[in-house]
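A.B. asks: Letter by letter, the chains look like this.
Number of protein chains: 2
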Amino acid sequence: MGSSTVKAFVTGAAGFIGSNLVAELLARGCEVAGLDNFHLGSKRFLEPFVGHPGFTFYEKDLLEFDGLPASLAGSDVVFHLAANSDISQGTARTDTDLKLGTIATYNVLEAMRIAGVPRIVFASTSAVYGEPRRFPTPEDYGPLLPVSLYGASKLACEGLVAAFSNTFSIQAWIFRFANVVGKNGTHGALVDFIRSLRNDPRRLTVRGDGTQTKPYLHVSECIEGMLFALEHAPERINVYNLTSEGTTSVASIARMVIEEMGLQGVDLSYTGGPRGWPGDVPFVDLDSTRMKSLGWTARYRSDDAVRAALRELLQQY
Amino acid sequence: MGSSTVKAFVTGAAGFIGSNLVAELLARGCEVAGLDNFHLGSKRFLEPFVGHPGFTFYEKDLLEFDGLPASLAGSDVVFHLAANSDISQGTARTDTDLKLGTIATYNVLEAMRIAGVPRIVFASTSAVYGEPRRFPTPEDYGPLLPVSLYGASKLACEGLVAAFSNTFSIQAWIFRFANVVGKNGTHGALVDFIRSLRNDPRRLTVRGDGTQTKPYLHVSECIEGMLFALEHAPERINVYNLTSEGTTSVASIARMVIEEMGLQGVDLSYTGGPRGWPGDVPFVDLDSTRMKSLGWTARYRSDDAVRAALRELLQQY
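From first to last, the protein sequence lines are chains W and G. Counted from 1, the first sequence has number 268 at position 268 by my numbering; the numbering is strictly sequential. Counted from 1, the second sequence has number 194 at position 194 by my numbering; the numbering is strictly sequential.
Hints may be right or wrong, so weigh each one.
What the hints assert, rightly or not - Only part of the chain G face toward chain W is listed, based on derived beta-carbon distances under 8 Å:
1) 102
2) 110
3) 130
4) 265
5) 266
6) 279
7) 280
8) 282
Think of the hints as simulated: they come from the structure by calculation, not from any bench. Using N, Cα and C, we set each Cβ at its ideal position, and we do this for glycine too.
Produce the complete structure using the sequences and hints provided.
C.D. replies: Pasting the structure below:
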């Protein structure tokens with residue numbers, strides 16, 4: 001990805017990870033085309049790129065197939081990040097992830113096939129593992145029985161990526177992300193807690209019992225890891241966990257948010273139960289051995305990634 | 001399933017496995033409602049049940065959601081067999097399996113959720129394993145990287161079944177079938193070879209180099225195994241390979257067909273290459289240990305299942 005001639009197409013370009021990725025790709029000298037329907041993404045996140053000669057933007061919904069092959073034509077690689085990343089929303093309306101995840105991903109792959117785009121990077125998730133019996137969970141863990149419809153959709157997309165890759169000779173990199181945090185975050189524990197405490201600094205209600213524990217990866221390292229593997233992992237289909245070391249509980253995050261905001265005497269309460277919401281997975285720990293063997297490790301540990309992200313988010317929200 | 005009060009709903013009831021399952025469920029005293037759109041299924045396969053007091057039939061496409069919850073209401077268990085089982089068709093039109101597999105399965109699960117149906121049996125496939133590196137392949141093999149869009153769709157359906165099961169308390173049995181053969185088969189090597197030789201008994205052209213080797217399971221045992229596991233496997237989500245012992249090559253099948261038809265001097269030729277068609281998997285061998293531990297084993301070995309199926313099919317075609 002070091003060459004200035006690389007043409008990258010980013011779906012979900014106005015989203016959390018997408019907007020950070022566009023910034024990094026432009027910084028590395030790539031030509032970048034971005035696409036977003038502003039479902040979760042924000043026009044504000046695109047402002048830094050407006051007028052940049054290397055940046056083109058398509059406001060478009062991936063459920064509209066027409067025109068998609070033409071938009072993708074000439075791209076060297078598609079970073080497919082667009083999705084509904086709000087798990088609880090997928091449980092409330094059960095066809096959310098089928099449409100915004102599975103069918104949208106089919107459209108991207110079908111358009112790539114027609115346009116002859118040779119490479120895809122797909123943002124998957126630890127949620128494909130459901131509630132595994134092995135920790136840290138390696139990439140070859142099975143069977144994959146997701147708890148959430150979000151996880152089910154990401155698994156469906158992984159299968160579609162694999163089948164298109166095998167049948168139509170598209171090279172693929174599938175990353176199963178830990179919880180990604182940092183600048184331009186749109187939802188999740190950190191953003192939710194900050195918003196809640198900005199609104200009422202006297203109390204914070206945490207969904208679940210606070211013991212939900214997961215690895216948090218800083219978005220800068222998420223992007224660095226993807227670009228590293230894209231350069232160094234040579235298989236036709238490359239599947240990698242992308243995670244930091246260590247894990248952080250939701251209760252710790254609540255304490256860190258209160259600390260970073262300089263608040264005192266906050267009435268901290270928990271709704272109780274092991275899950276924050278239906279479809280939540282209480283414990284996640286991803287095996288990072290495969291990325292390490294490739295030569296890449298996250299520098300921030302999970303707690304440090306949360307701390308760094310909080311400082312960025314407190315400047316935004 | 002021994003009780004006469006069990007109400008079973010069978011999707012794909014006019015299909016190969018569906019029609020055999022309906023016959024067995026009626027024989028066991030169940031009330032059976034069947035649904036089919038006659039995409040691959042045949043009205044002829046339903047003739048034995050016409051007028052049976054325990055049988056109801058819905059001619060309906062699973063892509064039409066309206067009315068589906070009402071049709072399912074009151075069922076104790078759904079056997080969801082409807083799918084496009086013709087792998088090469090899914091490669092030619094890439095949205096075939098997305099629609100007839102993934103979206104149809106979402107509709108079944110959503111209708112079950114609304115109607116409060118507590119149990120699903122889902123017909124999956126060895127194709128979810130793609131081209132695994134471990135033989136015989138066990139249920140906990142990963143990562144699952146299907147070769148065909150058919151396999152991708154079945155993987156997507158497994159994920160949907162798991163997520164609906166976990167989120168909405170539906171109990172699930174997922175069976176990854178070997179190649180199923182027998183009465184009412186609609187396509188596949190056996191049927192294709194018989195049809196070709198009925199048409200021209202002097203020559204037979206086999207797709208691929210004939211070395212494609214897979215386990216073949218007789219449809220009667222496929223059904224017996226499903227019903228056994230439904231009764232004996234108690235987890236919320238139960239995933240089982242359903243296979244015979246041994247494997248059979250396509251070249252052997254060709255020889256057996258010629259033998260059973262009593263033909264001589266047939267000019268047998270091969271199109272060449274390791275795959276019969278794009279998306280074909282050249283070698284399959286499924287680990288049957290989990291079903292054995294539950295107490296069930298197929299009696300026919302793979303070669304014997306093929307032989308028995310051939311004799312049944314030769315009476316039909």
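A.B. asks: With reference to the structure, classify each hint as holding or not holding.
C.D. replies: Hints and how they fare:
| no. | hint | verdict |
| --- | --- | --- |
| 1 | 102 | 6 Å, holds |
| 2 | 110 | 6 Å, holds |
| 3 | 130 | 6 Å, holds |
| 4 | 265 | 38 Å, violated |
| 5 | 266 | 32 Å, violated |
| 6 | 279 | 6 Å, holds |
| 7 | 280 | 10 Å, violated |
| 8 | 282 | 12 Å, violated |
The structure shown violates the earlier hints numbered 4, 5, 7 and 8.
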